[in-house]
Each structure stands twice: as C-alpha cells, then as structure tokens.
Amino acid sequence: MSREKNQYRTMKLQAMVLDNQIAGRDAIRNWIFDYQNLEEFRSPEQEPLGNNINRKERGIWLRWILPASLRSERPDGGFPTIPNRFLITRVSVKTGGVHSVILETDCPLSEHMEEDTYNKILPYTTVFLLSEKEKEMLSASPDSYRNTGYFRKMQDRNGYYANLGVPFPAENWEERDGGRPFMSSCAPGNPDFTGYIRFHSNILAYFDNLADCAEDIFHYSVIGWYSSGENSHCFYSGQLFSVKWRKEGYPISDDHDPYGDELQKIRRAGKINVAIGENSQDAFRKWMVTKILHGKEVSPEEEHALHWVLASFLSGDVGKFKGEDGGWRIREQLQKERFDASYGGTEETEELDKAIEILHSLQEELQTIWWKKGYLNSYQKFSDPDIMKKLERELDAQSPDSLLMQTARQLMKVKALYAKYENGQDYENARQQGRYWKGKNPYLLISGVEEPEDMDNGEEQVRSDADLCMDEIPEPKVRGTLPEGVIHLYQEAFFIIAHVYSGRTGSGNTPAQGTLPDYPIETWRQSWKPAFMEWRICYEDMENFLFNGFEYELPYLGNEDLGRQSGYTGRAVLNAHKKQLFLEQLEYMDSLLQEEQLKEIRETVKKWKLSGQEMSGFMEQMGQRDCRAFIHPADCTMKELLGYTSDNQPFFKQTGGGAESIPCIKNNIIPKYRFLRAGKGYLKDLILYDAFGRTLEVISSGAQQGIHSSDRFPLIGAGENHAFPLRPALLQPCRLRTDFAGKEEASFLGFVIPCYLTHSLLVYGGQGEELGELFVVVTNQRKKKVYFRQETARIEEEAVLSFVDAMEKKTEEEFYLFLDAIEASFWTMEAAGNDRDQRRALLAGRPLAISNVRIYLERCGLPRKDYGWRGGAETPYARQVFPVRLGNPFMREDGLTGYFPEGDFSVFYSTAKPELENEFVKEIGKEGSPYVTAGFQKEEAPALWLFYDPLLPVHIYTGILPVKRIQQNKEAVLKILKKMTVPLRIGPVVEKEESGNMYIREGNLILQEESENRGDEHE
Amino acid sequence: MNNHCEVNVSLSIEGTALNVAETGVLQGKLWACEGKKICCEKICIYIPVGNGEEDLFFNDGGTKIESEQCNAGELLIRQGDTDRIMLELSTPDRGQRPLTKPLEFTITGRINMRTGKVNVEYEYYCKNAGDTKFEQMSKDFSFEKSRAELYLQNFLASNSESGSEAATCFKPKAPIYFSWEGNGTSYELYTSVNGTMKQVIQTVQKYYLYRDGIEADSTFLLKAVKTRNSVDDINGTREVYALLTLTTDCPSYKEITIKEKFIGKDSAMAMLGTAIELPLNKMPNYKTLIPKTDGILAGYLRPTSYLEESSATLRATVYGDSREEEYSVEDDAYSVKISTGAGEMELKNGASVLLPVAQGKTVNLYWTMTKPEQSELKKNYDLNWYFFPFGKGDIQNKP
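As they're listed, the protein sequences go chains A and B. The numbering used here applies: residue 78 is where the first sequence begins, and numbers increase by one. The numbering used here applies: residue 2 is where the second sequence begins, and numbers increase by one.
Just chain A, same shape as in the assembly (with noise of 0.2 Å):
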C-alpha cells in the first residue's frame, strides 16, 4: 500500500489570560454540557443564564479552532473525524525556556494515574459520551491508562460516561495506543461542541496553569495530528506570539492596555446596541433605520417608506416592487418574513401525507407521556401518584385505547400506505400542495460585537512537505517518538519563531522558501468576540390587536402587567449572516451605484460590527417544548414507535424523525397551553460571552448591572415600557386551504359577462357555453323586473342557475347595483395580457369566473393537545376561528369582483365600494359586512361564490399566515374563453321565444303576454 504525501492544514489559535485583574473583574460563564443529566430525564444543556462553575484558577485558556472542513457536517450527515493528538509548546520569549505537552484527547482518567496528577487534571478533563464500541475498544488497549480508565455505564443503556483529556510530558512520550480516533467535532448532542471550551476543554482547549510565574512573555505552538488511520497523514498547526503574563494583571485606564481587552473597550465605550424584531429582517431593518435617522427628525411616513425601500433590497429582487402594486408586494413579502414554511405534501400522496403527519402527532404526545413518566420517577419524592396513573395508562399496551397502541396501530397504517404509495414510484414531478406555516422566532440583533473565528468558512491552506519553511536554525528536540510530519511542524514553528522575534518575517514577507503558514503571525490581544448569547424575555397575551383586513395592526403595548407575564429563556449562537446578506445584496446594485461608490458602501459595511441570533426555543417553549438535547428510550419497540430508529431503510429516512423536542417542563412547571402567539414581550436578562466563557451583561434586571438596566435600556425596535409587539401567529404549523367544488379540471361553476351597452350580464356554463343575458325588462303592468333569457332549451347547471333564478328576484336598482359593483372593480384591476381589446372594452366588461370555494385553516397533523401535568382537555383551539379577507381592490394584480355566500344571495360583498348605501351590495370588511372567519373545521367552513378574473390572482388575508394567492391555470382558462361569444343585442328589437312570448329590450317596455302577439305596438 503506498503511503499518502503528508498534508498541512492550520488552526487558529486563541488565548485568554486569566491573570489576578481579569479573573477579579470580568465574569467567566462556566457551565459543562453534563451528559449524567440525562439518567434523570433532565437537558444536558443549562437552563441558559443558570449556574456557574467558579473557578479561581490563574493562566492562560489555550483554544485551537479546527480548519472549516473538519467542522463542517458531511454531505451523508456525520461530522468528521477530529485529530487525537496535540503537541502544545510554550516559549518564554524572555528567557527561552521550552516547555511541552502532548494531549491525549481520546484517554480516560483512570486507575493508572497518580493521586496528585489525578486531582490536577480532573477539573479540566470532559465528560464524554461513549459507545460501547468505543468503550471496547478504549478497554481492549494495550495502554494501561486506557484499559484501566473510568466508564461510567449509563442506566438500562449501551452508553458510557467518562471524563477524558489527559494530558502526558512530551519528554520520551510514545504513543502507547493504536486505537481508532473516534472523536467528531460535533459531539453526542452537542453540535456547539467545537465553540465553547468547557464542551471542549482538553480536547480542542487546554488550560496553561501559571500560578508559578509571576511575570512573562509566551510563545505558543500547537500541532495536531490521528494517532491512526485513514487521516494519519493529515497534520495541523498553529502558533500564537507574544502571549503578555503577570499573575497581578495590569491597572487598566483608557490610554494603558497592554492587552488591548476588547471586551473592556466595549464596556468602557459602553456602545452595544440591541434590535429586536419579529424575524431576522424585520430586526435588520429596524437597525439600519435607527443607524440612517439618527439624530433626524422624520415623520412616521418617511420612516415606514425607509423600511420598505430596506425591504426591497434586501430582498435580493427591487425590481419586484416596482410598480403601482410594490407597496402590496413588499406588504407581502414583509408577511411572508413573519413565518417558516415546512412540507405541505403532494395531491398525489395526500392519503399517506395526513397519515405521516397524524403518525408525527401520536408520537410527539406518546413520548410527551414517556418523557414525563421518566421525569416523575427521577424526582418521585415530589410526584402525584395520580399524574403517574394517568401517565401509566396512555403507555398500557394491553388497553387497546391507550396512546401506545394509537400510536402503533397508525404506524402500521402509515406502512402500508407507504408500501402502496412509495415502493417503486416516482413523485419528483407530484403536484405540491401548499406548505404549512408557523410563526417564527423573535429575532435579536447586537451591534457594537462581531462575530466569532470559529464562523469563518474561508478556503484552507493545504501544503506539503515541499512548501513548509524551514532552515538551518535548529529547533529544540523534544525527545519522544513523534510523526515524521508533527516533527517538521515543530521545526517550522521554531524557523518562525526565531524570525518574528528577531524581526525578520513580517506577515507580509515570504521566506527563501516555502510558503508561509496562514494564521496571523501578529502580536497576541486578549480579543473578546461574543460566541453565544443567552436571554430571558417576559411575554404577556394581548387580546387589543386588530385586523384590519390585511394584517394585525400594532396596539398601544400598554403599561407592563407582571401579573400575567411568563417567562421563557434561551442560548443560542450568534453569527453576522445579515450583515453578509447586506453584502451580498450589494453585488447586484452595479447598475445603480459607480464602482468607487459601491467600493466606499461595501468598506463601511464590512466595518459593522454586527452579530445576531433567532431566540430559538422562543416559539418552542410557547408551545410548552423545549429544545435541548433530551434523553431518547432504550426500549426498541418505543423507539420504533417514537421513530427514534436509525434504521436507515428508506421509511424511516421518510417517515421517521419524532419528536425533536421534549415537553418544557421549566423548573417542574409546563408553561401554560397557548395555541397562538399575540402579545408583547419585555427583553429581561441578556448575557454575551465567548468560546472561552467571558461574559457581557448586556441587559440586566437583575441586581447585578449589565451595560444597561432592563427597564431603562433602549432596545432598538421596542415601543412605550421598553415592549416589543409579538404579532399572532400560530404555534403549530397550518395552512390555509381553498377548497374548489366542482369537477378536478374545471373548477368554475359559470362565467358572466357584463354588457355595458345594453345594461346586461351575459351568464355562462362552466365550459363557457352560452347559457342566456339577465336584463331588466317591464312587464305589462309598466313593472320593472330583471329578466333572463335563456339560450339553450335546457340548463343543466343547476348551480348557475341558483344564481340567475336568484337575480331574477332582485329589484331594478339591486340588479344594477350588481352591475356597478362589477364594473367598479374592473377600474382597479389590471388587464391581464397586453393583447387587450380596446373597443370590447366599451361594449362589455371582461369575463368573470364563478367558483365556489371552501376556506379552512388546517394544521399539520392533530390538534395540540395541553402538555401540563394535567392538560389534554378540549381546549378553544379547536373551535377558535380567525378573520380572513378576500380580494384586495388598491392591487392592479387582484382579479376579484366579490363573493356570495353559497346559497346565498341576499347579500353581495363587493371589493369595490357602492355608490349608494344598499342592503344587497356591501363593500367587503365595512360596517355591517364583516369579514369571512374560517376555522379548523372542514365542516363547518364558509363556502363562497367567488366572482373574479380567472386570468388574475385573487389574495387571501389573514394576517396569521402569509398572504395566499389563489390562480387558475391560465392556459385552462384561456382555452374556455375562447370558446365564448358575446352576443351584441342592439334593440329595440322584438324577439320571441319558442313558448311565444315576445319581448323587446330597453325601454321599449312591453312584455307580451302568452299566445297574444303584440309586437307591433314598439314605437
């Protein structure tokens, strides 16, 4: 087997010096992520602004950040596989003196070691997740500190705890162990594995204990590499200069710091602003709008077209909101921002997608079941033995109604409609339906930090042997049997390190030869860039927000009532994506902006320092779960039913995922049931801290000052008492369907046409066959009365009609009314096409479809029920209705005239306003015509007559989900009107009827009565 060429890749590398000022000031988050948690159904993850571990230990935290292709997750979903060894030298650059380490990160502490070295590691060690491969394979070594290692087993599980991160001198270290490096960067649960140094801590950070030295400068050089395998000739490094010690520290003033303290410039500077918003965007905006008006006066108008042109661009489309119709646009767009999307499914699998998402529905509340079972029996001194039967019921499998058998009689529906949908067919060209929504997470926007190194994804730097730098100068040995290339890393570091220091490489110069490494070769700082953000924000229902057929207006957020206020917190990492997002928009403004111009823009942007973050467990916790990782059953048969399986067939990759949530319970309490977010929220507590741990109280209510006090703070984005609205919005996914009756391909019951010459409308069937004019005719006794006459012999469109024998009831004036509310629709809406005659126009309206139609909101999979200790009741949510608009007259692009209720036609709701007061046309959504509210039932849903342009889209409002705009195919449709005629019928003229009646049109009043011919007295 040829051995591969030896690659070089380079980590960057950090260090924080905790010295006697820094440890006595600044604040160090110090939490682990604590894995024994799970035994008692508890998070691994802290409640976020919990507890603290207080270390007073003194030196220097060294962490190395691994190359973006060692920390990005694979294609197939894993994460690769991270180096087991470092090599970790310390220089004293005053006097030279050499000391180093080599890490084992993959070792257990164990039985081997001595009592002292035992105590000294153990507080820097991490608790780590095994297999019981892992655990096998660590046990089987022939290195007795592994084979003798401490595992913990987990309860009723294959898992073993153990601390592991030992660190051994370099002097005559061999490598004992010829395991597999089994270590990813992203570890069991903990995706956040990489970014923080006590998830990692002698692993990917090591803790450079200086209690001895009072005084110094250090040089660091860490070299990574696999102890074996496929990756052992992969090697990383990485060095860090001028390292400033003193154990005293050093008085800090605004000209002195010798170790330009980011985190103490932005305290002194105190220049951290907070945004806050509905979404990402929406707090964007708010930022940039604050930063353009500062210090300006300007109406709200001024500042709402600001947002909106912000919107636009940001958009990545302006030219989509140009036109009479851009403010709706961006209206929409603005929306559509307020929600995620998820799969909605294909009419073609619509069986087997209801059954998935009621099969997601019973497993989410049979572990909810479990969850809680497992929960009160870690805590059984507290538990309800009554909770405990309830619970104890629902996992029976011997009661066929219990949730465990619910659950396993779906799954087996769920298989078998997947065997008769998905075995060997293709739907990549299905017919999708509409996508679900649900309310998204506040968004918090921090300006004033940037974001960390561990986000940078650049290109890597990959060299071989040929490109490293060295020369004669010769390294210190360390004794010990190392790898030929973690040898060469260590003569290039010392070629370099001899020199910067004795200023002969600059980061600019470039060796005699070989390629410079492509870490920074500068002066060491204590750098501060915030990793993670944790926050805690009150929230309070609020009944006072109004739809005004378009959105929910914002209400006056009142006074602050902590009576009725919940609490919800969270931790998340925090990236600059939006700033990248501004940037990138950028690039297509070359048509707008000269290049200088551009240039100047992009330079400023790039200096922002800009980081920001979703509240994500925000929405969750609403909806009474909580995100962190949580333990899954050991059971296979609750596995299967939970869809916990990895089975990786191809029905569990569709079918499978459960719950990814456990219920909330926040501190033994299950937040109140909500089913809707609509209230305002009060941003609390705000702590930043870094991938060391050193923490910034941003906003603080507690006792303790943050930079700003939580009451007095100006938070970006937030209205009178510091509140920020929190519009409705659904905390489970739906959807807003718009059921057409009616065969699949022609959803219209009939058309008409209105005639303006001869005050008429034309009616036809749903193919558009002619099927007659309804006109108003006087009878004999001088009465006038709206008339139809039919076309054909026989009508078979009974629904059409309905309609007519319905307009043939109406008075005169009603009759025209109709007419007029047509016509005023039609100033408004666009032609559609540019082929538009111009002459028709005079003659007759366009073509208007009539489509019944059934609006409904309906959820992804069942109804969620209460999660509390004793919820599960009937709640309002199934009944709860919700107003919903149709057409929208101020959009050219809207094509609808208005609505009947089906069966109905007492009253005709209008998108145009009438000119006369009337109680049979009313202009939709004002007095004494409300609004359409759809609900959850099928049943029990409003079906309508819509009368509209079938070449136009109608909009639907809702204001809790993105607008829905419904459009027919336009090919179908033209295919029918190009079967229309509109017949022109220029009077008077006397016509009869095969019965004999006689009529004569417009004014020439007279109605011939059966079998008497008196068409000769027209004038």
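Simulated from the structure, these hints should not be mistaken for laboratory data. Check the hints yourself; a few may be wrong.
Over 10 Å on every C-beta distance to chain B, these chain A residues come out as not near it, computed from the model [to be verified]:
| # | residue |
| --- | --- |
| 1 | Val178 |
| 2 | Asn356 |
| 3 | Arg512 |
| 4 | Asp533 |
| 5 | Leu658 |
| 6 | Lys886 |
| 7 | Lys1003 |
| 8 | Leu1028 |
Computed spacing ranges between beta-carbons, pair by pair [said to hold, decoys possible]:
| # | chain 1 | residue 1 | chain 2 | residue 2 | range |
| --- | --- | --- | --- | --- | --- |
| 9 | A | Lys368 | B | Asn160 | 28 to 38 Å |
| 10 | A | Ser221 | B | Glu7 | 31 to 41 Å |
| 11 | B | Glu7 | A | Lys348 | 52 to 62 Å |
| 12 | A | Val682 | B | Asn160 | 33 to 43 Å |
| 13 | A | Ser541 | B | Glu124 | 53 to 63 Å |
| 14 | B | Glu124 | A | Lys230 | 16 to 26 Å |
| 15 | A | Glu150 | B | Gly131 | 44 to 54 Å |
| 16 | B | Thr133 | A | Glu191 | 19 to 29 Å |
| 17 | A | Glu252 | B | Tyr208 | 49 to 59 Å |
Selected chain B positions facing chain A (Cβ under 7 Å, derived; list incomplete) [said to hold, decoys possible]:
| # | residue |
| --- | --- |
| 18 | Glu67 |
| 19 | Glu69 |
| 20 | Ala73 |
| 21 | Glu75 |
| 22 | Arg79 |
| 23 | Asp94 |
| 24 | Gln97 |
| 25 | Thr101 |
These figures come from a predicted structure and were not determined experimentally. Glycine included, C-beta positions come from ideal geometry on N, C-alpha and C.
Following the hints, put chain B in place on chain A, whose structure we already have.
Structure of chain B alone, referenced to chain A:
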C-alpha cells in the same frame, strides 16, 4: 456490602441571622471524618423560595450556587403550594475517587421581605472508598431572617471607574464617577442648581457615572430609600442621606457653545450663544441678528442622509455692506471649496461659514434649500449656528 458512610456537612451564614431584602450568602461544606476516605457523587440543597415567612429567597431565578470543585445545576420543584429550588453540585468524576480535600460551595440569593425561620434541606450522596453504591443522606439546617437597619456610607467621587482614588476637585465638565455603599432598595442623587435641588438619577445601583460633570463648585446629595414592601414592615419607607461637595479647578473658564440640531425640511434655525436662543418654530429662510459684542459667527450645515439628490445653500451677510462680504457655500457636491477670505477650506459632505461680526451690526442669516423635481425623499440637514463673543455681551434678534 456497603458500610455506613460517615460524612460531615455544614451550612452556615455570617452572623446570627440573615437580613431581609438583602443578598443572603450561605457557605456550605462537606468533608470526611478523621481518618476516613469517602467519595462524593453529588450534593442537593433544597431551599424554599417565594414571598412567605418560611421561604428563604425570592423565587426570581436569581439564586446561585458556586463551587470551584464541582459542576452546578438547578431545578425548581413545586409540591402543592410550595416552591423549592434544588441546587445541585456534582463532582466532575461523580465520585470516582475519594475526596482529597473538603468540598466547599457558596449559595447566594435575594432574601425575601418576611421575617421568620426557614428550613434548608442538605442532601448528599456519598460512599466509603471501595464501596460500590452511593448512600443518600440528608440533614436539615434552619436560619433566622430578621430586619436590618438602613445605612448609607462611603459616598465618594473619583475621576474614573478604575481609579479607586477619591477626589473632590474636578476639571469643568469632566465625568465624575460616584460610588457608595448602602442597603437601600433604591438611591437618588441630587445636585444643587440655582439654590434648588435637581435630581440627577434614581438608581438601584451603587454607582453612577455623571458624564456632564460640573462647571462650578457643586454639592451633591445622595438619598438611600428603603421601601415598605412587606406587611410586617412597620417602619414603612425609610430614608437616609449623604452629602458631598465638589469643586472645579478652573472656575473662570466658561464655555459658550451650546448645540441644537435642526432639520432642514421645516426650515427651523436657531442662534446659539450666551443665553439667547432663537425660537424653534417655523422660521423664514433668513434671520437677522444684532450682536452686542464683536465676535465670530459660525454656521455649519451638514446633510444627514443621502437618499435623494438635493442641495442647500448657507449664507450670512452683514446687513448693508457690500455683496463681497456675503459668504455662501453649497453642498451639491460631496466635496466643496469655499472661500472665507482667509484662505481656502475644503469640506466634505457639508458646508460651513465663518463670519467675523462687529458689535451693533445687523447680520442676516440665510438658508435656502433646493430640491429636484419629483424628489420624494427629502434630504435632511443638521444646522448649527455658533456665536463666539470676543467681549462681554450677547446677541439679540432684531424685532
């Protein structure tokens, strides 16, 4: 077979009682009996929280446990109407090896308002070295809550946050960092202005950075307030005071510039100088001023947004004098050059005028703004006028 594990535990406070409405500190310890080797898996401390007599801390999420040797966690437990916070400490190796030194920890929290006796449960899981199973043991500790006298002391001023040296003499307008010690629920800081006391800040903190500084010798008064928060607080709201007098080291210096900001759209403009301000309501495009002293009039016009093309012109003329004395600049370019007679000055993103004026001469100030047609968004300006008098006196508006 396990032998009973003998362990010592303690939970103590400083003094004999805890003071209501203050931060309470409990010191905990666990150690092996003489000559014994024990392993400790974890410690759980159950503290009643809420507003009742039998509750120790408020149930405000602010209860903390800290230890150098252990990992800390917390959980609130509700049983009936009682809330108890369980503070958990686990050893990093969950008791794999015997303790070599006592386990020590500190609990802090805000004591509630009610006096009374409270019970704290101390639960610990230990075993003798060599045994297999951990034994669960517990012990109860009780503490007295009583009321403390309100105090306020060490009211000091210093130059900066880090400088701990107290000072009494400051440069005019230099920031002053006040700090104090006390046990009030809130504090109010006042300063004397024209003989009356004006509140500077009301805070719950025990420090305040007074960025405005002082211009003349000033006396500051600090009031500590303890509000009546509980039914058994018979004393009601209580207050104590502290006084501090500070002097300036350059009392003759008097700054005359005060800034105001205006927005171009409304044609507002003002004159700033010694005690005279022009009205801020709708202004014509010019203003006439008569200085009572020689001085320099400076105008600075700065566009503050660049959303739309437009431009403004700033002019100042000495009334009745020849046109040559008109100074005008336009900002229609990013960079403009203006002549002030004293040389050329390059300005970016704005325009300014410097005009020497003589006592009694009438000065007309002009400001015009032009806007391109079809422009929707307006360009806004900050406009500041400053008057630097050479002698005593001020300026006044011409009626």
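Check your understanding: Hint by hint, which ones does this structure get wrong, listed from lowest number up?
Key -> Failing hints: none at all.
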